[in-house]
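Student: As a plain string of letters, each chain reads:
There are 2 protein chains.
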Amino acid sequence: MPKKIIVIGSGAAGMSAASSARKYDLEAKITVFTEDEYIAYSPCVIPWTIGGKVGWDNIIMHDPQYYKREKNIDVITKTLVTDVNDVDKTVTAGGKKYEYDSLVIATGGTIFIPPIDGRNLKNVFVVKTIKDGQSIQSALRESKTIVIIGAGIVGLETAAVLNEIGKKVVVVEMMDQIIPRIIDKDMADTVQKHLEEKGIKFIVRSPIQAINGNEKVESVTAANIDYPCDMVIFATGVCANLTIPKILKLDIGQLGAVEVSAAMQPYRDGKIVSDIFLAGDVVQCRSAVVSGPIMSQLGSTAVKQGMIAGSNAAGDKKIAGPVSSPWVGVIGDIHVAGTGLSLGLASWYGIKTLEGKATGFTRARYYPDRKPLTVKVSADVFSHKIVGAQIIAGEDATGRINWLASAIASGTIVEDFIYRSENAYCPPTSMVRDVVLMAVDDLRNKL
Amino acid sequence: MPKKIIVIGSGAAGMSAASSARKYDLEAKITVFTEDEYIAYSPCVIPWTIGGKVGWDNIIMHDPQYYKREKNIDVITKTLVTDVNDVDKTVTAGGKKYEYDSLVIATGGTIFIPPIDGRNLKNVFVVKTIKDGQSIQSALRESKTIVIIGAGIVGLETAAVLNEIGKKVVVVEMMDQIIPRIIDKDMADTVQKHLEEKGIKFIVRSPIQAINGNEKVESVTAANIDYPCDMVIFATGVCANLTIPKILKLDIGQLGAVEVSAAMQPYRDGKIVSDIFLAGDVVQCRSAVVSGPIMSQLGSTAVKQGMIAGSNAAGDKKIAGPVSSPWVGVIGDIHVAGTGLSLGLASWYGIKTLEGKATGFTRARYYPDRKPLTVKVSADVFSHKIVGAQIIAGEDATGRINWLASAIASGTIVEDFIYRSENAYCPPTSMVRDVVLMAVDDLRNKL
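Protein sequence lines, in the order shown, are assigned to chains L and A.
The first sequence stops at residue 447 when you use this note's numbering, and every number in between is there.
The second sequence stops at residue 447 when you use this note's numbering, and every number in between is there.
So here's chain L without its partners, still in its complex pose:
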């Protein structure tokens, strides 16, 4: 009898789980249930599709027919899973019961919208699915001024794209800096200044209070001031979607997401629930830096966890490491990246840190088209372990942040990083001593 594997959710975690299960078990019957119509696309690209840089059709990598034909995976779209029973091992989807031997829950998250007046008015959107993006794009034709709620990476990527296509953009952020929590104020201020020079307006330290209008949005109120606008986009971050975990009474961790083992298995009353695996925005992760859990709601994390959860659902024995969660955003023409803890988060966890910082270029100082590159690295003053890093660059932040993320995930101390690290050099693509190493040199001198 082939093994019956059911996956709930068709995002990055769900689809990589299904594909990885297939790689491990060529015979299994694998079924994916999803509420969505479109599967296997990257929600991270939606800011650019809204702006017309990429077509909607291009971003959908595969359709259900592809999965059936190439991988013998059944993807059942537009079908809500309403119940899961781990005693008789069944899933109820679209009113029908399906048996499973292994189950992967990859139900992702939902955008948090604060409970304020006017949030159901016309032209109030979130940036999450293709449908959201398409709705925004249609409404853009008649919108001149757009308020974006939330100055995180997705909010700013969207702001920069809308600014580029000629819209007036106002970004409202409740915290006292943009990109709060994940980068430091000095780095955030550099990004804000860059975007202000392009004409984007920022309202910080201003929680949104109301969205005003009759049928359609006409203004938002933040910190007691009204900002007239034609459109509001919430980019307020994602909360784990706990509907199914709650049905199963799985243990929910202190960050409001499902606690899982390294094998991506959930707990109930502290004991592992067998034959169930989770992946993606619905779980909390082990941090590589602090002893407590941490959220890592990134597409790349979802894919990695999906690979582990799916393989294990098929019988493999894989485990996930602690996370340092490297991320990168492209905001207009600058790349902003980070990994580990910002100074603010480190201080919130009670970790005393010192930081090193260096500024240089992505190419040799004299090479044409060089772009500025600033790197910050911080370390725990007791252990000297690198706990966080941030980069702002005109290009090439991605490989550099992965390099630093890998060091953090391995618990590398500053002295050992200097001792072992080298950098490739060629004038059209780096400085002779990379700015990453210059920043760590600076940190070592301070420790």
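Among these hints, one or two may not hold up.
[What the hints assert, rightly or not] Below are the DMTMM-like pairs computed for lysine to aspartate or glutamate, each with C-alpha atoms no more than 20 Å apart in a straight line:
(1) A:Lys53 to L:Asp369
(2) L:Lys71 to A:Asp442
(3) A:Lys249 to A:Asp83
(4) L:Lys446 to A:Asp441
(5) L:Lys317 to A:Asp83
(6) A:Lys71 to L:Asp441
(7) A:Lys23 to L:Glu218
(8) L:Lys317 to A:Asp316
(9) L:Lys318 to A:Asp442
(10) L:Lys4 to L:Asp86
I should point out that these hints are in silico values taken from the structure, not numbers from a laboratory.
Starting from the structure of chain L, add chain A where the hints point.
Tutor: For chain A alone, coordinates are given in the frame of chain L:
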């Protein structure tokens, strides 16, 4: 009494040694002796200055006046050091004796030119110093066809630049592939095909036999065939310049360069020679992969070693780690990078390896202006340690190769790399699972 520190050589190693000595000791009398007229420039950029992409004036970072004014370092140019005596601790330069308390030898290397007929003809050049580059540039006006001897990175960078400015370029290589020793044949063939499509001609498996002509070069003979040309450029790699080490009777290692301790100190008859430090192309390095020594004649290695040698000469206690030597070259519009051992070198050392390979893009598969990206990673079949990696990419190879170099330098095994590694993702700058991780996934599946 301020400490007297003498540095011999004004390349990357020498100048970073002098600057690092000054950082550690604000009082020391620091003197740099150099045969050269121009100091503190990157010879790595010369292919592009020849082509006119960068001006000669731009590539000289600083002159002797700068070092005097900003760092109180005396740089004595156009002055040859003819003797060093480590008993009375003196250096003889320009016919005068100078006392030292600490000495840094950073005399670099010289281009190897095989002892063949015609090598002293007019229009036969090497690519090393600014003067070499300027001589090439002058002679280019009357040259249509140029033969480059040696298909290493510098040879190919030069070939691509000369091709771009409309010259007919023939590259002659004695080994059976281009970029021999440091990358594998499949990767080299990709680069060769790319350059052949641009019109560059390659003659491999063909040691140069003669350079022919009367006063001026008219052709070269390789593998018994004559290739007419107006100019010959040797890009045949660098040999350690051992004049001063031989005067001091320092131990020369099996690779023909000076053996040094982790603190960059030389040996004589197996015992450390005190108060002398070396850095740059003149030394051999400890390998992070094999137990024997290895050469790492890279600008970035020279800077790192110079920092250590110079600091230690001033009284600091720094050590250099084993090297995985990441390098990157920009050949026309492709970036080629490597670290650790190629398959050929691994096999030469008797290391049995398996390799993983993946091909993808530098941005999301659907994102405009994405460039192809191929990554190869190899591991020791016994230890599973990553021993080598190579990248060919349209952009952004540098950070990725540093990431892999760091893993090799830390002795990371494949399973641990997968367990701990994450990648930053944003559609304009990466795939959701980076090609580096895809290559390591492939390798793990084979192990």
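Student: Does each hint hold? Answer for all of them.
Tutor: A quick look at each hint next to the structure:
no. : hint                 : verdict
1   : A:Lys53 to L:Asp369  : 11 Å, holds
2   : L:Lys71 to A:Asp442  : 18 Å, holds
3   : A:Lys249 to A:Asp83  : 12 Å, holds
4   : L:Lys446 to A:Asp441 : 38 Å, violated
5   : L:Lys317 to A:Asp83  : 65 Å, violated
6   : A:Lys71 to L:Asp441  : 19 Å, holds
7   : A:Lys23 to L:Glu218  : 60 Å, violated
8   : L:Lys317 to A:Asp316 : 49 Å, violated
9   : L:Lys318 to A:Asp442 : 15 Å, holds
10  : L:Lys4 to L:Asp86    : 14 Å, holds
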